[in-house]
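*Asks:* Protein chains in written order, with this note's numbering: chain A, 2 to 352; chain B, 2 to 352; chain C, 2 to 352; chain D, 2 to 352.
Each hint should be verified, as a subset may be incorrect.
What the hints assert, rightly or not - With a Cα cut of at most 25 Å, we get these calculated DMTMM-like pairs of lysine to aspartate or glutamate:
| no. | chain 1 | residue 1 | chain 2 | residue 2 |
| --- | --- | --- | --- | --- |
| 1 | C | K135 | A | E294 |
| 2 | A | K114 | A | D67 |
| 3 | C | K280 | A | E136 |
| 4 | B | K280 | A | E248 |
| 5 | D | K336 | C | E226 |
| 6 | B | K47 | D | E313 |
| 7 | D | K285 | D | E267 |
| 8 | A | K285 | D | E271 |
Hints listed in this document are in silico derivations from the structure and should not be mistaken for laboratory results. Here the structure is a predicted model, which means the values were calculated and not measured.
Number of protein chains: 4
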Amino acid sequence: MVIKVGIIGSGFIAEHHCFAFSQIPGVKIIGISSLDQDSALKLIEKFNIAGPYFKDYHDLLSQVCDAISICLPNSLHHEVSLAALSQGKHIFIEKPLARNVAEGLEIVKAAQKAKKTIFYCENNIYAPSFVKAKELVDGGAIGKIYMGRGREHHSGPHSAWFYKQKLAGGGALIDLGIHDIACLVWYLNEDVEKVFCQTSIVSPDRGEFGQCEVEDNAMGILYFENGAQVSIEESWTAPSSFDVKIELYGTKGQIIVNPSHMAPLEVFSENGFGYAVEKASTTKGWTFPIPAESWTFGYPQEMQHFINCIVEERIPYTDGKFGLKILAIVEAMYKSTQSGKIEVVFYPKIE
Amino acid sequence: MVIKVGIIGSGFIAEHHCFAFSQIPGVKIIGISSLDQDSALKLIEKFNIAGPYFKDYHDLLSQVCDAISICLPNSLHHEVSLAALSQGKHIFIEKPLARNVAEGLEIVKAAQKAKKTIFYCENNIYAPSFVKAKELVDGGAIGKIYMGRGREHHSGPHSAWFYKQKLAGGGALIDLGIHDIACLVWYLNEDVEKVFCQTSIVSPDRGEFGQCEVEDNAMGILYFENGAQVSIEESWTAPSSFDVKIELYGTKGQIIVNPSHMAPLEVFSENGFGYAVEKASTTKGWTFPIPAESWTFGYPQEMQHFINCIVEERIPYTDGKFGLKILAIVEAMYKSTQSGKIEVVFYPKIE
Amino acid sequence: MVIKVGIIGSGFIAEHHCFAFSQIPGVKIIGISSLDQDSALKLIEKFNIAGPYFKDYHDLLSQVCDAISICLPNSLHHEVSLAALSQGKHIFIEKPLARNVAEGLEIVKAAQKAKKTIFYCENNIYAPSFVKAKELVDGGAIGKIYMGRGREHHSGPHSAWFYKQKLAGGGALIDLGIHDIACLVWYLNEDVEKVFCQTSIVSPDRGEFGQCEVEDNAMGILYFENGAQVSIEESWTAPSSFDVKIELYGTKGQIIVNPSHMAPLEVFSENGFGYAVEKASTTKGWTFPIPAESWTFGYPQEMQHFINCIVEERIPYTDGKFGLKILAIVEAMYKSTQSGKIEVVFYPKIE
Amino acid sequence: MVIKVGIIGSGFIAEHHCFAFSQIPGVKIIGISSLDQDSALKLIEKFNIAGPYFKDYHDLLSQVCDAISICLPNSLHHEVSLAALSQGKHIFIEKPLARNVAEGLEIVKAAQKAKKTIFYCENNIYAPSFVKAKELVDGGAIGKIYMGRGREHHSGPHSAWFYKQKLAGGGALIDLGIHDIACLVWYLNEDVEKVFCQTSIVSPDRGEFGQCEVEDNAMGILYFENGAQVSIEESWTAPSSFDVKIELYGTKGQIIVNPSHMAPLEVFSENGFGYAVEKASTTKGWTFPIPAESWTFGYPQEMQHFINCIVEERIPYTDGKFGLKILAIVEAMYKSTQSGKIEVVFYPKIE
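Bound conformation, chain A alone (with noise of 0.2 Å):
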């Protein structure tokens, strides 16, 4: 059984997507619609992808396919996901759902009517050592969560979009907290009833990307449902590396992860070398280079995950109600971010 994917967009995660499809057998990849033809077509090329370019996604919706992967700015999520769902199309689509929860509860709507299927990307619950973590914390290996941490940071994202309130519906906190919320509410297997948060913007001018309309930091704490309080730090004007770190203190014990920065590998090199992780400021002096960093961050994994999903007719561990859950979370700490007060999450009501 040949599963048929196309994707729209040609960016930075459209290479995360091709490439994780290359490694899957039983995909095919039918072709890629961009408004930038060169990338587009650097990437077929580069994943020796059978099907052709397309400049208008609609002409590429209309191909036979079982599922369209969408990797476009978070301010189309909403006309596209709605255009492959009429289709009669799987969504794979990035996190956030949508720039705000009623862009999201829509396309969740849409989905239910067409009777298809969001995948939600969210890699790290597919990531091995964040997986292992869940399953240790699912054996009661610390006990009751009672207390934790998410902290990603790096030093900003690689498009102008990123930057701009409209684009993308917000900055560190929807781009790099949705990630840590994500896997929080995963971690905890509760609900958050009541939020807190604040933002700054530290680093405004972006060179190249202008100005940084978004917040480039943004602080806050989740209250669960049992009680449980957690910190999120996102920041995306910290130099050195990629760097995402959870800890979860639980009554009987505590777990650190960190895939990023503890690593099987330390290097001192004077004469640095190629890579070694993504945005690394430099590689000579100390580093820790995380080998297989696509399959280590849980790319392949959770694409396998969403393909296997299709082939058994599955619900997927993400999918887009628990998109929706997330977005409502964050949109609740934005609001707080204003009144500078503890404000309750509202859940949008899904039959």
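For chain A, the structure is supplied; the task is to place chains B, C and D on it using the hints.
*Replies:* Chains B, C and D only, in chain A's frame:
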């Protein structure tokens, strides 16, 4: 020149003081006052202390000496400090300065009136790893700090009074948080303008120590005048062992300080051994024993600095005003736990 | 194209092979031969293997298939390899190639005669952290390697035959050292000219496995043609858990690889949990569980490479000649254990 | 009671001694003798030393004092020790005791005759992380040690004489290896029976210091009387920074000590900063700065112990006989580098 010191109290921290003074040439302990005669006599024997035991602390205060170490429950800081200052003694007072700002302010004013110095015991500021980090920050190694985090945890204090509101004035926040807040203010060298905090009681039943009336967990955020936001996490419900971590994020780099877990020594022992670190729940399996624990956490260096200040008639790095400032931040955080919103810090006016 | 594989043996390493093959599309296991019917049937059930169970391995060899996995005690490598090759099958053979060079040479010559390939199973060379280190070395990150160290240890193997000279051909050196030697030869990309080694038996009584007749500890030094000296340490008497460390020192830097202890995950558990890593003596206290253990140590990647080589008719990175070269080094080291001096390595001539 | 000390030499290690003595109350430095007047005067000023500068060390020896610190190239240890002892002074002598056993034996005998004490400076034995490890070993935490490893490395010494056979008596082995050997003998509390060693010159051209005539790399193995085998690796050609590692493997556990790299402090700095640790090649990127470096490596604790021994008329942990024993092991290792085989250690007879 010999500096004469009297000690009031004979518990855990009194032993730390006795040890530290015993390391410093030119210091003579002239006596110990305590309600608990047995433990006081043990200290006198263990550290070969010249001076006698006093039941009533007023009898100790009437002796000729330069300074008094106040190693008592928080609720007695106010009364005993005023008594010692009125007798013309300098005071060494363990954190927190008092149970609240009102008490603390009276202590500071009494010291001004008596023209005596309050030596505020915040050992972390004298710990070598923290000092080295401070050098790096002040030398510009990480640029301007815009985000950070402090965390202290262990499984709970070793005396019943810590768990009682009236005796302690609060729980994990005033006991552990006060360390982190002091260090963060020191590192950023900026005032905290606003705060946010929430607390919880995770483990209310404390066995021999009775009910835990105060928060055993606290999570809050400090907002500094320069715009930096820094989280603190404090817990009395974490198994493993005492742990203190500081992370500082600057525009040009980052620093992680963690003397209790990032150790020069890793041990796997099937047999276990005598002592790894304060409140270690086991010494079997992998542990990270702390070499020269008292020194690692800065106790003798702190006392050496204080004695030097007395000899040279200098103001210590951590004086009563500093202790009062930190207490004002804590008090605003307790206010925030009630209001559920950001609270402005009110610093008491002192000439 | 489907690659058909038969498996001889049903112990620890047979399970690794079955798992790896089950991960690779296009591989069909056509049957398992083993003297132990129970464990063979369990593997057939666990991995949903199509083919039947054979008591006599000759019956398996008479089936139509491309390759045979030889998962047997070292003493049977020679006989079974010759039989499989003579039936026109490729062979997958676990390290060591054989008990000694004489046996190994006959296997290599038999493969040449049969025009079949020996796939020599040295999983570390396919482990992602080791591969990343190799990229860095080859890219010049640390300059020329002039010194290094390999160490593997655990508390001892899980089958009685490992402890018997006749069945195993040696102890910790041929069992664990052979991994380190292979990786070090690979990293330095130089031949070993001379060696030195001494061994000992620290724990002769092995309970259910009887007497340990072979060395359970070995320490030696490899002298490479470029002048580099590299130590190896191998132990079957180390509690804690399986550990593999490589350190490489170059004129421009250094690399430390340690996938079994430098983990992306640290856990403190009072309760303990199911599984941390091979031969972990406890899961209580601090542990460093390995996410995706089989993948971390390179087993499925190794088999994927081998299957690719069969499909594409390529020579694997680790073929029979490589296995024989490593065995020649081991043999010289055993000679040194007797002579107490440096011994020259004699590499058998093969056309 | 004031202990009066004279110092001969004014280089790197003389500064360490001056610093250490300045930390110890009750020690008075009565003068410094050195051929290099400038650096001697700088020390006198920096450490506020009371005593004068002497060109000729005999003039210093004729002063009234208790002990002489010998901070000179190895080739002068013999002559100056004999002179100081004959004047009735105790001597503080940096490792190695002398260039070889013959010289060392004469020094020890001269001390016996003069009834004075040789204080052999092996700082690692006084370093807090090493001391803590010793406590654990002696307390049975890891059972009986059967294997181990010592490694010291940096990029090369800071004076020309180290690189010359006649002045130093050897290279990395006698300079760095002597530390590891001393610590390993101390940890195992057993005598070394036999040794093996090989050396090499990796970087012969040492710029301003001229040709490297001695080994800049050494790798050897110590065979203890209890059957333990312990490797040592020493290098003067490792970039990054000074690093010292000890690993001890026992029947019940293991210990890793690494105060120079396993630090309580991790820093990423784009700007760099003043000082991380001895011979750090950069402070940009990730570094592991050492807090309180001199204390971490045991220098002031060592001198404090020595002064205490003088005051209390005790034998130090590390006396001349200990230094001579370590030197005998080194000498056997040099013999092994020539013979290419295991050599028995001959310990000189002393009554």
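*Asks:* Taking the hints in turn, state whether each one holds.
*Replies:* Do the hints match the structure? See the list:
Our distance criterion of 25 Å between C-alpha atoms is met by C/K135 and A/E294, whose separation comes to about 15 Å. Restraint check for A/K114 and A/D67: satisfied, since their Cα atoms lie roughly 17 Å apart, inside the 25 Å limit. Among the hinted pairs, C/K280 with A/E136 is consistent with the structure: their alpha-carbon atoms are about 19 Å apart, no more than 25 Å. This hinted pair checks out: B/K280 and A/E248 have alpha carbons roughly 20 Å apart, not beyond 25 Å.
Under the criterion of a C-alpha separation no larger than 25 Å, the hint pairing D/K336 with C/E226 is consistent with the structure, at around 23 Å. For the proposed pair B/K47 and D/E313, the alpha carbon gap of about 20 Å is at most 25 Å, so the pair holds. Restraint check for D/K285 and D/E267: the C-alpha separation of about 12 Å stays at or below 25 Å, so the hint holds. A threshold of 25 Å between alpha carbons decides the hint, and for A/K285 with D/E271 the separation of about 12 Å falls inside it, so the pair holds.
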